[in-house]
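K.L.:
Sequence:
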Amino acid sequence: MGTADIGLIGLAVMGQNLVLNMADHGFTVAVYNRTTSKVDEFVAGLAAHTPVIGCHTLAQLVATLTPPRRVMLMVKAGRVVDDLIAQLLPLLQTGDVIIDGGNSLFTDTQRRNLLLAEQGILYIGTGISGGEEGARHGPSIMPGGNPAAWATVRPIFQAIAAQVDNTPCCQWVGEGGAGHYVKMVHNGIEYGDMQLIGEAYHLLSVGLGLDASALQQVFSTWNQGVLDSYLIEITANIFGVRDADGSPLLDHILDAAGQKGTGKWTGINALELGVPLTLIGEAVFARCLSARKAERERAAVRLGAPPVAFRGEREAAIAAIHDALYAAKIVSYAQGFMLLREAAQEYGWQLNHGDIALMWRGGCIIRSQFLGNIKTAFSQQASLENLLLDDFFADEIQRAAAGWRQAVMLGVELAIPTPAFSAALAFYDGYRSARLPANLLQAQRDYFGAHTYERIDRPRGEFFHTNWTGVGGDVASSNYQA
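Using this note's numbering, read the sequence shown as starting at 700 and increasing by one per residue.
Treat the hints with care, as some may be off.
[What the hints assert, rightly or not] Here are the computed lysine to aspartate or glutamate pairs in the EDC-like style, where the Cα-Cα straight-line distance is at most 20 Å:
id	residue 1	residue 2
1	992	1054
2	959	927
3	775	831
4	1074	1084
5	1074	1095
6	963	1041
7	1074	1054
8	1074	950
9	737	831
10	963	807
11	959	807
12	1074	1041
13	959	1089
14	1074	1089
15	775	723
16	992	1041
17	1074	864
18	1074	1090
[Unchecked claim] If you anchor each label on the Cβ, the simulated ranges turn out as follows:
id	residue 1	residue 2	range
19	945	999	24 to 30 Å
20	806	948	50 to 56 Å
21	765	1137	46 to 52 Å
22	794	865	28 to 34 Å
23	1094	792	54 to 60 Å
24	831	1111	37 to 43 Å
25	740	850	32 to 38 Å
26	958	712	43 to 49 Å
27	778	970	21 to 27 Å
28	733	1132	36 to 42 Å
29	723	1111	49 to 55 Å
30	712	792	28 to 34 Å
31	1166	1130	22 to 28 Å
32	712	1094	49 to 55 Å
Please keep in mind that the hints were generated in silico from the structure rather than gathered at the bench.
Idealized CB from N, CA, C, for every residue including glycine.
Full structure from sequences and hints, please.
P.N.:
Given below as structure tokens:
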């Protein structure tokens, strides 16, 4: 009979910190890594004198576990996960649980759920956010998959998760790939938040001429108000870090951003579902543009860098940028929850938006003050169509709108790109417009392709075609999509 409560495979930093977190909460953890020397180093080092059992083979790890066996994978998404599942299957029994704690694509998690259910194995795709610090001291955990496994993993997950107001930032998300889907949307919002903060930094530093010390003060002040969040907090800290020569370290970091794909997945899925996730899309594209560093340098020489000359009142401009950041951040979350709403309908999930907001309140990268307001909004109206229609968020975004517009205009005047600020503002203006120019689009589509159109004086669902040229005929296409 085994003695370990859970097994964990993959001892990179996240895996190690989760193990130590579990051990801190009284769970015995069996660990395995393909490079077995890493197991020995971990058990003798960071995990010394803790209830952690080192294993050199998968068979040894499984044999160490108490039934029903819980095996957690903290490995790179993709084929590695499938290969490990194939190696584990002969060692497991009906009712055992496999947990994928990596950033797997939700469709892969859906596929694995169905495959393993046929073989009696319970599979959970679990989104984990919070980075190294969160993993060690309390992350946000988003489990989804086979609901029969929830009771088995719940005591461990809710014990090690971040706690806010004595509530664990971990609740069951839904079946299939729901857990990894919610983590994907979380990461998409994270992309948006980071881009918005970057645009504020660009306006403040290049546009207004604030140095690192002034920037640190501005962001520290912002973190005391409605923008209170993890990302604002660490941004203020970043401005205070100095290089060996005493200059700001940030000034020595190359302006070419990397990405691991979850933001791109969010944008692709939004396109597939027809959800206007414009801000997150622009955030992904902004990283793509930043990566073209050498090409941008050549373009700066050929096209010329426009002069930047701010002539306004600095404090007023800082206030406008603050409001732009706040309002655009509201749009980012509104779009994210729009996507979750559409995905629930498309994939047959019962997503609890209020619970998701609670899971994101602590431990995770996008934790922020107004997630509590999001929870309240969905508690008051579970069927809320859009966060922008909630009284609190409608009032907040309307209050910030004037400064938001000023910040976008400032970027235009100073030739400082603000793609996320601008996309969020365009979405806001479009969303609250009772009439958009899509009537002309439909006329054009019908003119060149006989795609038909609806009329404002006739019921929805009734389609018409016009012979615009007099020679095109009256036959209409049948592939109309609203």
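K.L.:
Hint by hint, note whether the structure agrees.
P.N.:
So, going through the hints one by one against the coordinates:
no.	hint	in the structure
1	992 <-> 1054	41 Å, violated
2	959 <-> 927	26 Å, violated
3	775 <-> 831	16 Å, holds
4	1074 <-> 1084	14 Å, holds
5	1074 <-> 1095	16 Å, holds
6	963 <-> 1041	18 Å, holds
7	1074 <-> 1054	7 Å, holds
8	1074 <-> 950	38 Å, violated
9	737 <-> 831	18 Å, holds
10	963 <-> 807	16 Å, holds
11	959 <-> 807	16 Å, holds
12	1074 <-> 1041	18 Å, holds
13	959 <-> 1089	33 Å, violated
14	1074 <-> 1089	11 Å, holds
15	775 <-> 723	25 Å, violated
16	992 <-> 1041	36 Å, violated
17	1074 <-> 864	13 Å, holds
18	1074 <-> 1090	13 Å, holds
19	945 <-> 999: 24 to 30 Å	28 Å, holds
20	806 <-> 948: 50 to 56 Å	39 Å, violated
21	765 <-> 1137: 46 to 52 Å	60 Å, violated
22	794 <-> 865: 28 to 34 Å	32 Å, holds
23	1094 <-> 792: 54 to 60 Å	56 Å, holds
24	831 <-> 1111: 37 to 43 Å	39 Å, holds
25	740 <-> 850: 32 to 38 Å	35 Å, holds
26	958 <-> 712: 43 to 49 Å	19 Å, violated
27	778 <-> 970: 21 to 27 Å	25 Å, holds
28	733 <-> 1132: 36 to 42 Å	55 Å, violated
29	723 <-> 1111: 49 to 55 Å	52 Å, holds
30	712 <-> 792: 28 to 34 Å	32 Å, holds
31	1166 <-> 1130: 22 to 28 Å	35 Å, violated
32	712 <-> 1094: 49 to 55 Å	42 Å, violated
Going through the hint list in order, the structure does not satisfy hints 1, 2, 8, 13, 15, 16, 20, 21, 26, 28, 31, 32.
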